[in-house]
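Both chains come to you apart, so use the hints to assemble them.
Next come the chains, spelled out residue by residue.
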Amino acid sequence: GAGVSQSPSNKVTEKGKDVELRCDPISGHTALYWYRQSLGQGLEFLIYFQGNSAPDKSGLPSDRFSAERTGGSVSTLTIQRTQQEDSAVYLCASSQTYQETQYFGPGTRLLVL
Amino acid sequence: GQSLEQPSEVTAVEGAIVQINCTYQTSGFYGLSWYQQHDGGAPTFLSYNALDGLEETGRFSSFLSRSDSYGYLLLQELQMKDSASYFCAVRDFNKFYFGSGTKLNVKP
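So the sequences go chain by chain: A and B.
Each step along the first sequence adds one to the number in this note's numbering, with nothing skipped, and position 33 is 33.
If you count the second sequence from 1, you need to add 1000 to reach this note's numbering.
Take every hint as true, because none was put in to throw you off.
Reference excerpt, derived from the structure (chain B facing chain A, CB under 7 Å, subset only):
(1) Ala1042
(2) Phe1045
(3) Asn1094
(4) Lys1095
(5) Phe1098
(6) Gly1099
Since the hints were derived computationally from the structure, they do not count as laboratory data.
Every residue gets a Cβ at the ideal spot worked out from N, C-alpha and C, and that includes glycine.
One chain only, chain B, in its complex shape (with noise of 0.2 Å):
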């Protein structure tokens, strides 16, 4: 079966830096993604990862190593806004699986 599995809760204070682990189990893989996700609201993308190694966006951060079957997000310079859910994703040909999402307090 498939399978993404990251930690429930992460709590942080603001201006820390935070790393959101995702390992993941699929029987084919073509890239791992990463989404926000605000109370009541709608995922927004944040990241993209098809090639071992470290992509960065602005204060965002994400890894992967294929050979490892992991992933992670990186946050740094922690903002009160970033308090929210962010999910993992692995797209497998055409299908596409999600973690069940970590949740981020950031605390002042």
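Looking at chain A on its own, in the form it has when it is part of the complex (with noise of 0.2 Å):
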């Protein structure tokens, strides 16, 4: 069946500029994560959705950073007021219900300029 998948793949924007990105879990899947990975570095946690509970907002670095998912499936994260430390990969997974696997997308690279 179909992975995870992102949208957009690539987005360079203008400092101070609003994105969003987008986020199609595996069919089924309760379980939805947002990373961001700057080069070479490892993951940065920065939210968790289960199934229709209220999430744990605590990792998002910042009140610019917000997340959303939509009747338990797509979910979008929105960056407010762009800066050029936002510039990284940003990677959603899912998983089923209480399984620790989780199943990563392809990225989202994002440039701020």
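What follows is the structure in structure tokens.
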């Protein structure tokens, strides 16, 4: 079946603009995760959605970042007033309920000029 | 704070065995996972340990000692395609922490 998909694959924006990144999880997966990865670095956890439960937003790096998940499926990560330090690859993953295996999407490469 | 420590780079020859260590310090612990990431690619899941001991999956094995806050990934019969970065990751309830990754270079 189809894997996790993310769009856009690449995004170039100007400092101060807002961006929206989209993630379509694997069908039937109840858990969805967002991470950020800077070049040559590990993954920085941003947020985790489990079913219809309210997510813990404490991992988001600043109040410019927000995420939502509609209908327990598609998720959108929004970055307002982008800064150059927001440049990174944003990865989304999904997993089945109470399963530890996370399936990652190809990521969105964000470059803020 | 939360921290995961793993070597930044390891080099080994094809056919050899290599061990990548991970020590962690987190306020809570639900399990240790390992992921592989090739350059330009997305991470792929390798293994998960929630309890002490060794888990084996083909050429890859993973070990956990919760009392020592330590785990390792063992790769046997190394192949050129194993050249990649390997990340350990800890689940702490609803948060997930990744190490900075170990770049494995497999040489012929």
